[in-house]
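One line per chain: the protein sequences are W and X, in this order.
In terms of UniProt numbering, the first sequence has 438 at position 438, counting the first letter as 1, and numbering is strictly consecutive.
In terms of UniProt numbering, the second sequence has 21 at position 21, counting the first letter as 1, and numbering is strictly consecutive.
Treat the hints as calculated values from the structure; they're not laboratory data.
Mixed in with the good hints there might be a few duds.
It does not matter which identical chain is meant; a pair holds if it fits inside one copy or across any two.
Within a straight-line C-alpha distance of at most 16 angstroms, the following computed EDC-like cross-link-like pairs (lysine to aspartate or glutamate) qualify [said to hold, decoys possible]:
id : residue 1 : residue 2
1  : Lys526    : Asp177
2  : Lys348    : Glu49
3  : Lys380    : Asp507
4  : Lys344    : Glu50
5  : Lys526    : Glu50
Protein chains: 2
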Amino acid sequence: MWRCNFLAKSAQKLQIIPLGGLGEIGKNMTVIRVDDEILVIDSGLMFPEEDMLGIDLVIPDISYLLENRDKIKAIVLTHGHEDHIGALPYVLKQIHVPVYGTRLTLGILEGRLKENGVDSGSLHSVMQGDIINVGCFSVGFIRVNHSIPDAVGLSIKTPVGMIVHTGDFKLDYTPIDGKMTDFRRFSDLGNKGVLVMMADSTNSERSGHTPSERTVGAAFDKAFHNARGRIIVATFSSNVHRIQQVIDTAVRYKRRVAVLGRSMVNVVNISLELGYIQAPEGTIIDIDEINNFRSEQLVIVTTGSQGEPMSALTRMAMSDHRKVSIVPGDTVIISATPIPGNEKMVSKTIDNLMRLGANVVYGRDKGVHVSGHASQEELKLMHNLVRPKFFIPVHGEYHHLVQHAKLAQELGMPKDHIFLGENGQIFEFTRDKGVMAGKVTAGMVMVDGLGVGDVGNIVLRDRRQLSQDGILIVVVTMDKASNRVVSGPDIVSRGFVYVRESEALMDEARARVEQALERCEDENVKEWAAIKSNVRDALGRYLFEKTRRRPMILPIIMEI
Amino acid sequence: MWRCNFLAKSAQKLQIIPLGGLGEIGKNMTVIRVDDEILVIDSGLMFPEEDMLGIDLVIPDISYLLENRDKIKAIVLTHGHEDHIGALPYVLKQIHVPVYGTRLTLGILEGRLKENGVDSGSLHSVMQGDIINVGCFSVGFIRVNHSIPDAVGLSIKTPVGMIVHTGDFKLDYTPIDGKMTDFRRFSDLGNKGVLVMMADSTNSERSGHTPSERTVGAAFDKAFHNARGRIIVATFSSNVHRIQQVIDTAVRYKRRVAVLGRSMVNVVNISLELGYIQAPEGTIIDIDEINNFRSEQLVIVTTGSQGEPMSALTRMAMSDHRKVSIVPGDTVIISATPIPGNEKMVSKTIDNLMRLGANVVYGRDKGVHVSGHASQEELKLMHNLVRPKFFIPVHGEYHHLVQHAKLAQELGMPKDHIFLGENGQIFEFTRDKGVMAGKVTAGMVMVDGLGVGDVGNIVLRDRRQLSQDGILIVVVTMDKASNRVVSGPDIVSRGFVYVRESEALMDEARARVEQALERCEDENVKEWAAIKSNVRDALGRYLFEKTRRRPMILPIIMEI
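Could you put the whole structure together from the sequences, leaning on the hints where they help?
Following this line, the structure appears as structure tokens:
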């Protein structure tokens with residue numbers, strides 16, 4: 001009897017399909033599928049690449065989920081960062097399934113859903129340590145340390161075998177809230193046997209061990225000790241433990257704390273409400289109260305650690321903030337590392353703050369920031385605790401995944417048990433075998449304002465051309481019957497040259513268009529597409545010769 | 001008699017006026033002025049900031065030089081990097097003065113001038129160690145180590161006192177060509193008394209000592225030893241010593257060297273010709289010959305270490321290079337650090353190379369790159385050798401200058417002898433006093449194609465708006481006499497939405513424009529500016545409501 005059962009089960013296949021987060025930092029989303037049952041891990045967004053002009057954010061292409069919507073049992077969340085929950089407002093508009101996450105994760109998510117007019121009725125709160133059953137899956141939420149509280153890794157028991165997903169994690173032996181990554185749980189799972197592990201690769205290129213969050217407290221203490229005037233600390237709003245450390249240090253130095261920046265205010269409020277931040281009565285003051293205190297009695301915690309153009313700190317640096325003006329004697333602590341791509345914006349902000357006379361504390365050697373991700377020695381420990389049969393490096397650009405795969409190999413894992421793939425790849429496992437088995441649709445959907453996916457490659461290509469050399473619009477009114485020009489050609493340009501200083505160029509441009517139109521008339525060219533094409537070519541050639549630029553040229557014929 | 005003379009001289013003032021390179025990395029240019037005599041140091045370009053859409057490069061605003069063109073005695077160059085010589089093709093079109101530089105510097109410059117159709121008759125070659133007299137200035141060219149050979153610092157003897165300008169430098173005790181920074185010269189100058197020192201601040205935030213260029217050779221040796229197939233090394237074309245080390249290592253491992261990328265080919269040819277690169281007969285082969293050799297007999301030196309979109313390495317990574325296709329087994333060495341702002345492009349190139357199966361050697365810990373700029377301990381030595389009375393930190397973003405000023409202060413220099421200023425600042429010195437004395441016009445001129453300075457803020461603002469949300473053009477033909485619409489409105493959009501999927505939106509947009517035009521007619525609005533403004537408002541409001549985007553709206557009225 002058991003044997004029959006065993007055979008039936010051993011024929012089952014487990015599929016792991018990443019829809020985001022492999023080969024990129026961001027929009028993490030992974031599908032776990034056994035037969036007709038699907039579990040989804042996370043649903044994150046990514047910030048647009050530099051060449052995605054005008055795009056606000058990027059979310060995973062969920063075509064696969066929409067095609068299989070009836071099979072989805074639940075979405076489980078590892079933590080409350082944007083790259084893990086930020087796509088949910090869009091996903092939940094299309095897919096109605098229960099969502100499980102820890103309290104802080106859901107607290108932050110609820111705010112996002114509200115902003116987007118999405119009902120949060122499907123959210124179910126779990127505790128670190130809980131195990132829930134959804135469909136054929138039994139999902140355990142395992143406490144991990146990360147740069148946001150209430151983060152979890154996952155154990156997912158499936159009919160085929162046990163999966164461990166580390167989530168984003170580090171191993172902090174002296175965490176701020178005293179709650180360490182649950183080593184024992186990972187170790188127990190390892191003892192019982194883990195079929196597949198997926199693990200965070202963000203810091204797989206970094207040797208050694210990521211320092212404890214607590215080390216930042218010591219750096220804060222030093223900076224506070226040296227500061228004579230006001231202190232301004234910029235950090236990620238989601239780094240609740242960091243904010244707690246600012247508050248703790250402020251209390252020691254008898255300073256009040258004001259909170260600035262929309263997302264910072266939101267997260268601090270949620271965290272205070274849920275008990276993730278503790279502050280003695282009266283410590284936290286409203287930003288409008290800062291004028292009631294002397295500089296040396298104040299700390300301002302603010303957004304803008306990435307030099308984001310509209311953020312509070314950037315505005316202060318530009319002398320453009322309504323409520324806070326930087327004065328000589330201010331100490332500004334940048335408690336964050338620039339995310340790749342933001343280096344220049346951060347440098348500029350630092351420069352502008354210094355020009356206003358602020359003392360700016362920043363940079364790795366000052367110890368005012370630590371990463372939330374495991375470095376190589378931590379990854380090695382995790383691999384040794386979990387000892388999976390198969391391994392898929394996740395959460396990282398391709399080079400991070402490659403490095404993590406190498407690390408696993410160095411630890412003795414056979415090369416063919418390590419799966420290096422990207423979004424859309426189907427990783428298929430039985431109890432003793434793993435293969436890469438084809439692909440599903442995966443990719444990115446660009447969100448621009450209210451439009452989700454309505455900006456595609458053609459629109460982006462146009463924006464790129466417009467951004468480089470601008471546009472010239474040539475308008476002619478033509479008589480339909482006679483095919484003769486009645487009015488125009490008029491040329492209007494934007495983003496091409498400063499017209500007042502380029503009159504000769506524009507006059508000659510008009511002349512070239514007139515010549516082209518005359519040629520069309522002489523040669524009896526009647527199709528408007530052909531006329532437009534002639535105008536475009538003649539004008540484009542002339543402008544390139546004169547300016548070495550290729551603006552977009554848009555001929556418009558009005559017919560009367 | 002001598003006393004009178006002394007008085008006369010002591011009344012003279014020395015002005016140092018940076019026109020570029022202070023508060024930024026790039027477009028270095030400094031004016032030295034005593035009475036009616038001007039000497040210019042360097043004339044560099046800067047690559048455009050991210051928000052300078054479509055701009056090719058940025059050069060200093062030389063209004064001050066044009067206003068004082070008769071006073072300029074010469075331009076002296078410190079080395080052949082773009083940020084020190086790149087603006088000369090533009091400057092020499094407007095100012096005709098002798099230019100002095102070392103042989104390699106002029107060799108590279110000549111190529112640039114030729115490309116821009118500028119005569120190179122005014123170039124005068126000097127040797128490291130030479131002293132020349134121009135006007136009242138006596139200029140010494142002092143050998144320094146940098147990431148390009150033939151680099152110099154300058155001693156400038158003026159009637160008021162001695163100036164030392166370090167140029168870009170590092171202290172390399174084991175340089176590739178055996179020629180060390182000329183410590184003795186700096187020390188001698190220090191002994192005789194230096195009034196003002198300007199010194200490179202690029203690495204002023206870096207503690208310790210910048211490693212010797214020779215350490216890269218050891219890293220190359222290791223990488224070559226491990227490589228089984230072809231080796232591709234990407235580096236800056238101007239890093240001639242680096243290229244020499246690639247050649248030396250290739251010779252040891254019995255490999256031939258092919259050179260790829262326009263600027264790389266140019267610099268290697270000039271360097272071979274002038275003797276700055278040595279290669280045994282037959283070592284360097286043409287890129288078209290690579291198919292005559294087996295993979296393990298080949299090294300390709302290429303541009304593209306910054307992930308530049310059109311560079312050879314980026315094309316290889318995109319499987320888009322005509323002559324070289326990456327295959328598994330290739331080893332690619334990225335012998336450079338990403339310049340701030342290029343991090344993401346470099347990561348992408350690495351990822352794409354890895355996806356094609358290449359083994360990519362990159363990153364600080366691999367030792368395949370070292371900086372060409374002095375770190376803190378080297379700066380301290382330079383300050384101690386030269387012991388100037390006054391100090392101006394140059395070549396760096398503002399935070400670099402601030403850090404360098406701090407370093408000087410820590411070495412015991414009085415705070416009021418250190419001058420922290422930016423481009424356009426007049427630093428004025430007598431024999432015993434220094435002050436900041438007003439400002440001259442300084443700034444940036446943007447070069448776009450053949451246009452120098454014809455793209456200004458209005459054009460850039462338009463490009464920015466166009467790049468974000470695209471453009472809608474509304475054309476109406478109106479009868480002048482009756483003020484009635486004869487044809488249209490027609491709406492054409494680019495870079496806004498994918499029109500085929502947004503028909504309803506565009507139909508409604510047209511209806512809104514029609515309503516606005518009707519309202520104008522009803523209300524007897526006759527001025528076309530007013531009609532246009534009504535159309536723009538009505539359409540803009542509707543589109544923002546529906547899409548949360550703000551495309552540029554361009555109403556055009558054709559009159560008949």
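These are the hints, each one checked on the structure:
| no. | hint | verdict |
| --- | --- | --- |
| 1 | Lys526 - Asp177 | neither (78 angstroms within a copy, 70 angstroms between copies) |
| 2 | Lys348 - Glu49 | between (20 angstroms within a copy, 11 angstroms between copies) |
| 3 | Lys380 - Asp507 | neither (70 angstroms within a copy, 60 angstroms between copies) |
| 4 | Lys344 - Glu50 | both (13 angstroms within a copy, 9 angstroms between copies) |
| 5 | Lys526 - Glu50 | neither (43 angstroms within a copy, 44 angstroms between copies) |
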